[in-house]
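Work out the full structure: start from the sequences and follow the hints.
Chain by chain, the residues:
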Amino acid sequence: MSALTFTLKLQPQQRVDMSSLVPQKLQNLSSAEIGALELQSGKKKFRVDELFSIEGSDAQQIVIQNSCDKLDFIGKEMDGGTLTVNGDAGAYLGLGIKNGEITVNGNAGLYAACEMKKGLVTITGNAGDFLGAALPGNKMGMKGGTILVKGNVGERAGDHMRRGNILIEGNAGDYCGSRMTAGTIAVMGQTGKYLGYAMRRGTLLLWNQPVLSANFNDCGAHTLAFLPILFASFKKFNSKFAQASAGFNRVQRYAGDMAEKGRGEVLVKLN
Amino acid sequence: MIINGVVIDETFAEAFPMKATRAIITAQNEKWAMISAQAMTGFATSVIACGCEAGIERVLDPSETPDGRPGVSVMIFAMGGKGLAKQLETRAGQCVLTSPTSALFAGIDGGTRIALGKNLRYFGDGFQISKQIDGKRYWRIPVMDGEFLTEATTGQVDAVGGGNFLVLAESQPQALAACEAAIEAMRKMPNVIMPFPGGVVRSGSKVGSKYASLGASTNDAFCPTLKGATKTDLSPEIESVMEIVIDGLTKEDIDKAMRVGIQAACDLGAANGIKRISAGNYGGKLGPFHFHLQEIMA
Chain Y
0 MSALTFTLKL QPQQRVDMSS LVPQKLQNLS SAEIGALELQ SGKKKFRVDE LFSIEGSDAQ
60 QIVIQNSCDK LDFIGKEMDG GTLTVNGDAG AYLGLGIKNG EITVNGNAGL YAACEMKKGL
120 VTITGNAGDF LGAALPGNKM GMKGGTILVK GNVGERAGDH MRRGNILIEG NAGDYCGSRM
180 TAGTIAVMGQ TGKYLGYAMR RGTLLLWNQP VLSANFNDCG AHTLAFLPIL FASFKKFNSK
240 FAQASAGFNR VQRYAGDMAE KGRGEVLVKL N
Chain F
0 MIINGVVIDE TFAEAFPMKA TRAIITAQNE KWAMISAQAM TGFATSVIAC GCEAGIERVL
60 DPSETPDGRP GVSVMIFAMG GKGLAKQLET RAGQCVLTSP TSALFAGIDG GTRIALGKNL
120 RYFGDGFQIS KQIDGKRYWR IPVMDGEFLT EATTGQVDAV GGGNFLVLAE SQPQALAACE
180 AAIEAMRKMP NVIMPFPGGV VRSGSKVGSK YASLGASTND AFCPTLKGAT KTDLSPEIES
240 VMEIVIDGLT KEDIDKAMRV GIQAACDLGA ANGIKRISAG NYGGKLGPFH FHLQEIMA
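Which chain is which? The protein sequence lines are Y and F, in order. Residue 0 is where the first sequence starts when you use numbering that gives the first Met the number 0, and the numbers rise one by one after that. Residue 0 is where the second sequence starts when you use numbering that gives the first Met the number 0, and the numbers rise one by one after that.
Check the hints yourself; a few may be wrong.
[Unchecked claim] Straight-line C-alpha distance at most 20 Å; calculated EDC-like pairs for lysine to aspartate or glutamate:
| no. | chain 1 | residue 1 | chain 2 | residue 2 |
| --- | --- | --- | --- | --- |
| 1 | Y | Lys268 | F | Glu9 |
| 2 | Y | Lys116 | Y | Glu100 |
| 3 | F | Lys255 | F | Asp266 |
| 4 | Y | Lys97 | F | Asp133 |
| 5 | Y | Lys24 | Y | Glu100 |
| 6 | Y | Lys235 | F | Glu63 |
| 7 | Y | Lys260 | F | Asp124 |
| 8 | F | Lys226 | F | Asp8 |
| 9 | Y | Lys239 | F | Asp133 |
| 10 | Y | Lys69 | Y | Glu32 |
| 11 | Y | Lys149 | Y | Asp68 |
| 12 | Y | Lys268 | F | Asp66 |
Treat the hints as calculated values from the structure; they're not laboratory data.
Okay, structure coming up:
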């Protein structure tokens with residue numbers, strides 16, 4: 000069976016809710032039934048086959064071609080299978096994903112992989128603000144799995160994050176790791192202001208020295224035994240993080256946010 | 000059956016079901032991994048009084064350990080799961096947590112999960128850090144030499160304890176030489192430990208005693224100084240008997256270890272004073288696992 004492929008035929012005027020096009024909801028549906036499904040767009044509803052041409056039948060492998068940044072909620076609460084987006088993705092990509100793999104060969108908008116539970120979300124371009132964060136008003140962001148971004152990410156990456164890994168090959172915006180409860184965010188590029196703002200626990204693993212606020216205290220230089228194990232777990236990814244040269248175990252450790260519990264840490268690579 | 004002049008008795012070793020676990024200790028170098036492993040497996044020769052039987056399975060190359068440092072694999076056996084968990088935790092806490100540069104990892108992925116460092120984390124007094132990596136939970140516990148890294152749990156599996164064979168020789172040095180050769184060969188086998196000092200026990204026991212408070216006492220039938228004083232199992236030329244006890248994850252693991260051990264002892268042969276190989280059993284009434292010597296060596 001070939002991958003179930005949705006090719007966008009026209010650029011929508013309004014944002015489109017793509018949450019119904021996930022493997023578990025399309026399983027056992029014929030091509031005609033899938034085409035007849037309705038997608039909310041602003042105050043209108045479009046049939047799937049009005050917006051997309053549909054090819055293939057394997058709902059465990061979904062491909063969205065010619066995607067654009069108006070397509071929101073791609074892979075929402077997906078529970079297994081793969082979903083590949085060729086082009087940009089809108090907001091709420093992989094919201095609450097329970098399992099499976101989402102790959103975006105392009106950029107992703109706000110709240111990508113927010114409240115993610117398990118699985119892998121890869122974004123080859125840039126991601127917007129609140130990557131892996133909690134929805135507004137919620138207290139719990141990403142709870143597991145891995146987010147890999149090859150470009151840059153916006154502000155508040157990992158806000159309220161609780162578990163899992165966010166791997167950023169590029170730069171991270173302001174407030175990276177804000178209000179983190181636990182988990183790991185690794186940033187190979189530069190980080191913005193207010194890094195780890197109000198973080199309670201968790202690890203911010205950095206390749207470059209950040210500008211730290213006064214409520215992070217220097218704990219000195221250390222060789223940490225868990226880092227080789229952490230880097231070994233990255234080897235399965237198609238990423239700079241998987242390269243042997245990426246690994247290190249010698250870091251400068253800063254504890255914070257001391258205005259919170261102070262059990263979080265910023266680890267900066269030492270050369 | 001006779002191998003190189005050594006008589007293999009038509010008898011069997013009798014073994015019992017036990018619970019087992021394995022842990023991997025790593026350190027800055029093999030020396031310190033071994034020191035920690037020796038401490039962890041100390042005073043663990045027999046469940047009769049030690050609470051468990053433990054031993055070093057083998058030295059691990061850095062490429063085989065989770066953190067890429069030199070390591071040692073240790074195994075612990077006990078009669079029940081609760082006892083095993085208790086022994087593992089206290090030994091990990093007192094012997095590995097305390098040992099400079101050490102880290103501690105699970106040695107069995109499957110089985111029932113029992114606490115390895117899960118409760119040791121409280122030593123961190125709130126400064127401990129949890130990391131979940133590839134589905135496994137690790138604890139980073141701040142200690143005075145840096146950080147003690149430990150996996151939260153390891154696996155507990157059903158196992159077999161008490162496999163054994165006896166080496167009967169014309170002199171004490173000859174019996175010991177044969178046992179040393181056997182142990183050297185058996186230590187190359189996976190999934191087994193020989194928990195007694197150096198792998199060898201010279202005080203084999205029988206069930207029961209004339210003293211009501213003792214459950215076991217010296218195996219007088221195999222004591223050479225009692226040849227004329229008890230119902231002996233020894234011929235006149237036997238002056239020394241030593242035993243090798245084997246605990247393993249499966250009956251097959253013990254089978255293989257016994258085979259290479261007995262073969263190594265027999266390789267010295269009658270010319271070096273090794274006269275008989277026998278085994279300890281209780282008439283087959285107590286333990287469900289029987290290791291027939293002649294079948295193993297066939």
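Do the hints match the structure? See the list:
| no. | hint | verdict |
| --- | --- | --- |
| 1 | Y:Lys268 x F:Glu9 | 66 Å, violated |
| 2 | Y:Lys116 x Y:Glu100 | 12 Å, holds |
| 3 | F:Lys255 x F:Asp266 | 16 Å, holds |
| 4 | Y:Lys97 x F:Asp133 | 16 Å, holds |
| 5 | Y:Lys24 x Y:Glu100 | 16 Å, holds |
| 6 | Y:Lys235 x F:Glu63 | 18 Å, holds |
| 7 | Y:Lys260 x F:Asp124 | 14 Å, holds |
| 8 | F:Lys226 x F:Asp8 | 19 Å, holds |
| 9 | Y:Lys239 x F:Asp133 | 18 Å, holds |
| 10 | Y:Lys69 x Y:Glu32 | 24 Å, violated |
| 11 | Y:Lys149 x Y:Asp68 | 18 Å, holds |
| 12 | Y:Lys268 x F:Asp66 | 18 Å, holds |
Checked against the numbered hints above, the structure breaks hints 1, 10 and satisfies the rest.
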